[in-house]
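Both chains come to you apart, so use the hints to assemble them.
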Amino acid sequence: MKKIIVIIAMLALAFNVQAQFSKANLVAGGLTCSMCSKAIYKALTKVSFVETVKANIKESSYTIVFKKDAAVSLDEVRKAVVDAGFHVAKLQVVADIANVEVKNDSHIKVGSQNLHLLDIQPRALNGEVVFTLVDKGFVSDKDYRKYSGYTTMKCYSTGFMASCCNKDAVTGERIYHVTL
Amino acid sequence: MKKFLLILVVVFNYALVHAQELFVFTEPASNMPKGSLGLRITSTVMKEKLENAYNLHLLPELMWGVNKNLMLHAEGFISNRSKSMSAEGFGVYAKYRFLSNDKVHSHFRMAAYGRVSYNNSDIHQEEIEINGHNSGYETGVVATQLLNKVALSSSAGFEKALDNHNYKFPSQQSSSAIDYTFSVGKLMLPKNYTDYKQTNVNLMTEFLGQTLAGNGKSYLDATASVQLIFNSQARFDVGYRQQLYSSMYRSASNGFLIRFEYLFFNAVK
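Residue numbers (this note's numbering), protein chains in the order written: chain U, 1 to 180; chain W, 1 to 269.
Isolated chain W (complex conformation) (with noise of 0.2 Å):
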């Protein structure tokens, strides 16, 4: 635990020299560009705490830059949770830019972001997590400094649960929550920019904390992932996510997410 606590923060000094703000565990407050589509798969494998299983999820996402202020994404949800793979409901995502300070090598941003969802799995867990665990809705506002090629960006937001499909919520825990996350990345490769061609290394590490309204209960992980970007329109991303304290029941906090996305430029008018 010390050694990746030590570990972490020698990825954050490093991140302060360069910073990258295409987070892995959490969205920026920068858009996607006019007219573009992108092509998401995400998928995360958590170790179970009760059993010697793997929670596995998958999200395919459709994202979509409706003007320069405003994103929409369309996701599905799938999982093991009923022991096969199975599709267990979707989500709609908006994000809208509504401050822009830009400078020649700065910028700060920020923007409001919106999910609903719907999930049939059962419930159980006292997280809420309505990206592919609970049905209900969230609201935030996320804020995105650029400074000297330092990337900050944070985040707060208001999280609510309600009965999945056949599942009532759970009448003893608490159905909202209010979520928190800081986030820090850097580039590591190219050195030296010369072509869209060349394949980028980015290093990010990020703070995702939660608090439940009705018993304040709390957790804070804390995540570290690689990210690769190819030819400048395709990007992977592998992080792992590690729970550093939790008041509340989890089921499966700790484990690896690994992504793929496509970038379309100019693909609707």
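So here's chain U without its partners, still in its complex pose (with noise of 0.2 Å):
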């Protein structure tokens, strides 16, 4: 019975790794010259969840591998980017997905973090799946008004989930908005 019990929460854990974030692809913005573009990689190879950063310096695109069982945080990736004076203007995040069915406008959970799908077509989500922020800060500020046409909910400004979320919403959590 203990073996069993044993082999569950592994195979429950084991999941919930495999749920996780497991790499970016972050396009930065506001910079042209390669002292700037090194700024933001030698900022994203601090951040303490990352495991390896490869920089494009033509397209100013940073393909970043997360660390295992690492707690991600995007908003620190954020940062990253601000702190070395530039903003990101498009992050993209890769996770395994095991038959997960979605629909527009709603929430979802990949690993410990909460996703508020935008802009979709109801579909499953099998395998490996890329998710575009869409949040503020993540976007433009023409996309960002945009993306507020597809959605009533308050999150969408806030970034943290409230009243107006689903019945599942612990108020008070951050959530990212995505697109597919």
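Honestly, I wouldn't trust all of these hints.
Some chain W residues near chain U, calculated using beta-carbon distances under 8 Å [claimed, not checked]: (1) T26; (2) S30; (3) K68; (4) D221; (5) N266; (6) A267; (7) V268; (8) K269.
Derived pair list, reagent style DSS-like, types lysine-lysine, alpha-carbon separation capped at 27 Å [claimed, not checked]: (9) U:K90 - U:K142; (10) U:K136 - U:K46; (11) U:K109 - U:K146; (12) W:K103 - U:K67; (13) U:K58 - W:K47; (14) U:K46 - W:K103; (15) U:K136 - W:K191; (16) W:K68 - U:K79; (17) W:K83 - U:K23; (18) U:K136 - W:K197; (19) U:K46 - W:K168; (20) W:K217 - U:K54; (21) U:K90 - W:K49; (22) U:K54 - W:K191; (23) U:K90 - W:K47; (24) U:K154 - W:K103; (25) W:K269 - U:K68; (26) U:K142 - W:K191; (27) U:K103 - U:K79; (28) W:K197 - U:K54; (29) U:K90 - W:K68; (30) U:K154 - U:K58; (31) U:K68 - U:K142; (32) U:K79 - W:K191; (33) U:K142 - W:K103; (34) W:K197 - U:K23; (35) U:K146 - W:K191; (36) W:K68 - U:K46; (37) U:K58 - W:K83; (38) U:K58 - W:K197; (39) W:K47 - U:K54; (40) U:K136 - U:K58.
Think of the hints as simulated: they come from the structure by calculation, not from any bench.
Beta carbons: idealized from backbone N, C-alpha and C, even for Gly.
Structure follows, in structure tokens:
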């Protein structure tokens, strides 16, 4: 019996680990020089849960691989870019999802992360899924306004779950808004 | 002189294609990354007008990115004004970025700056330069626009000279001035960016002007510079500064600037 519980626990853990963000692709904006690009690169490598960063200088983009089992904070990723003197123009995160049904303007949980899906058709997510962040500070002001039209929920402007969100929502928890 | 202006125009046109904003004779509105430290040594070699000699200045400078908006510099002034190279003073410079309108391929930024400095050399010209010649202070604003890889930067400031230690500021001279600059630069090499180790070659041209508040006398200089950036964190600048016109007395207005700078990323928390 004990053995079975251990196996179940391990399986649950394994599933949970799998569902974490594994990597991200970030495009930084507002720069053209290599010194600027390197400043962002150096700042990203300093983030505690970042394993490796690969820069594409020409495109101002960075492929970030997160440490296994580490708690990823996309706000911290953004802060690293902003502190280096620039901004996030685009951020995509990759997670392994095991068969989850999703619909527009609804919440899902990926590992410990709360995600709110916008501008999507109902579908099943399975395997490696790329989520594109549409929160304030992760897209241009113009795109932010565009995605505001897809929801009436207040969490899009605050970034935190509130009574407007579904009944499972934990008020005050960080929620990222994404599209597929 | 005509030839020089022609060269400037050519450089300027090149600059409109692909610009860089790490200007040589001025500071852009952008700052150093938070937590980085920079070490900079600037030297100027200017031809003395009244004698067959060169005026040498050496400015060691320590720079610190305090946060994303604020950077501080501490600098020392060394020159051969008293015949042998000797320390003449020090200064503190701060720049605060108060506006940042970033888009993917463009940004418009504005910053306010200020400098306070002490100098013990003799006062030998009407031009006011508290960065190595006069004791005093200056403050101003700088705006930098990067648009489709074109960077333009312009600044306007107020500069006030005080007495230099044992030397009173001459009462017949104007002790305050308005400064204005306009800068533009272009990345020449590499054509294709793939690695931080690639050496960058940048060309810059800048215009530097001053009008003395007390008597309206003014000057305007043009500069042309070549900048090399190694490993995306070491910088070597060589610039030439040429007076276009001046109605004030300046002891050494034309000459070279040579600078080495090294940036330590994530040096302080």
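Hints and how they fare:
Among the interface hints, the one on T26 of chain W is violated; its C-beta lies about 16 Å from the nearest C-beta in chain U, farther than the 8 Å criterion. A distance limit of 8 Å between C-beta atoms decides the matter here; for S30 of chain W the minimum to chain U is near 6 Å, and the interface restraint holds. Hint on K68 of chain W holds. Least Cβ distance to chain U is approximately 5 Å, under the 8 Å limit. Contact between D221 of chain W and chain U, as hinted, is not supported at the beta carbon level, the nearest pair being about 25 Å apart and thus beyond 8 Å.
Using the Cβ-Cβ criterion of 8 Å, the hint placing N266 of chain W at the interface with chain U is satisfied: the shortest such distance is roughly 5 Å. At about 10 Å, the closest approach between the beta carbon of A267 of chain W and any beta carbon in chain U exceeds 8 Å, and the interface hint on this residue is violated. Taking 8 Å as the C-beta contact cut-off toward chain U, the hint placing V268 of chain W at the interface is violated, the least distance being around 12 Å. Hint status for K269 of chain W relative to chain U: violated, with the closest Cβ pair at about 10 Å, above 8 Å.
For the given pair, K90 of chain U sits about 13 Å from K142 of chain U by alpha-carbon distance, which is consistent with the 27 Å threshold. Between K136 of chain U and K46 of chain U the CA atoms are separated by roughly 23 Å; this keeps the pair inside 27 Å, and the hint holds. Proposed proximity of K109 of chain U and K146 of chain U is supported: the alpha carbons are some 24 Å apart, at most 27 Å. Distance hint between K103 of chain W and K67 of chain U is unfulfilled; the C-alpha atoms sit about 30 Å from each other, more than 27 Å.
Distance hint between K58 of chain U and K47 of chain W is unfulfilled; the C-alpha atoms sit about 42 Å from each other, more than 27 Å. With a CA separation close to 25 Å, the supplied pair K46 of chain U and K103 of chain W stays within the 27 Å bound. Taking the CA atoms of K136 of chain U and K191 of chain W, the gap is near 34 Å; set against the 27 Å cutoff, the hint is violated. Taking the CA atoms of K68 of chain W and K79 of chain U, the gap is near 10 Å; set against the 27 Å cutoff, the hint holds.
For the proposed pair K83 of chain W and K23 of chain U, the alpha carbon gap of about 62 Å is over 27 Å, so the pair is violated. The suggested pairing of K136 of chain U with K197 of chain W is violated, with an alpha-carbon distance near 34 Å, which exceeds 27 Å. For the hint pairing K46 of chain U with K168 of chain W, the CA-to-CA distance comes to about 51 Å; that exceeds 27 Å, so the pair is violated. Simply put, K217 of chain W and K54 of chain U have alpha-carbon atoms about 54 Å apart, too far for the 27 Å limit, and the pair is violated.
As the CA atoms of K90 of chain U and K49 of chain W are separated by approximately 55 Å, the hinted pair breaks the 27 Å bound. A C-alpha spacing of about 20 Å is found between K54 of chain U and K191 of chain W, which places the hinted pair at or below 27 Å, so the restraint holds. Straight-line distance between C-alpha atoms of K90 of chain U and K47 of chain W comes to about 51 Å, which puts the hinted pair past the 27 Å bound. This hinted pair checks out: K154 of chain U and K103 of chain W have alpha carbons roughly 26 Å apart, not beyond 27 Å.
With a C-alpha separation of about 25 Å, the suggested pair K269 of chain W and K68 of chain U falls inside the 27 Å cut-off, and the hint holds. Under the criterion of a C-alpha separation no larger than 27 Å, the hint pairing K142 of chain U with K191 of chain W is inconsistent with the structure, at around 32 Å. Taking the CA atoms of K103 of chain U and K79 of chain U, the gap is about 30 Å. The hint is violated against a cut of 27 Å. Taking the CA atoms of K197 of chain W and K54 of chain U, the gap is near 14 Å; set against the 27 Å cutoff, the hint holds.
Using a Cα cut-off of 27 Å, the hinted pair K90 of chain U and K68 of chain W holds, with the two alpha carbons roughly 20 Å apart. A hinted pair counts as satisfied when its Cα atoms are at most 27 Å apart, and K154 of chain U with K58 of chain U does not qualify at roughly 37 Å. As the CA atoms of K68 of chain U and K142 of chain U are separated by approximately 35 Å, the hinted pair breaks the 27 Å bound. For a cut-off of 27 Å, the pair hint linking K79 of chain U to K191 of chain W is broken: about 31 Å separates their Cα positions.
The suggested pairing of K142 of chain U with K103 of chain W holds, with an alpha-carbon distance near 10 Å, which does not exceed 27 Å. A distance of roughly 25 Å separates the Cα atoms of K197 of chain W and K23 of chain U; the hinted pair therefore holds under the 27 Å criterion. Between K146 of chain U and K191 of chain W the alpha-carbon distance is near 36 Å, which puts this suggested pair outside the 27 Å criterion. The suggested pairing of K68 of chain W with K46 of chain U holds, with an alpha-carbon distance near 16 Å, which does not exceed 27 Å.
In summary, the hint linking K58 of chain U to K83 of chain W is not supported, as the alpha carbons are separated by about 49 Å, beyond the 27 Å threshold. At roughly 14 Å between alpha-carbon atoms, K58 of chain U and K197 of chain W fall within 27 Å of each other, so this suggested pair holds. Only pairs whose Cα atoms come within 27 Å are accepted, and K47 of chain W paired with K54 of chain U is rejected, the gap being roughly 48 Å. A C-alpha spacing of about 25 Å is found between K136 of chain U and K58 of chain U, which places the hinted pair at or below 27 Å, so the restraint holds.
Hints 1, 4, 6, 7, 8, 12, 13, 15, 17, 18, 19, 20, 21, 23, 26, 27, 30, 31, 32, 35, 37, 39, counting from the list given before, are not met by this structure.
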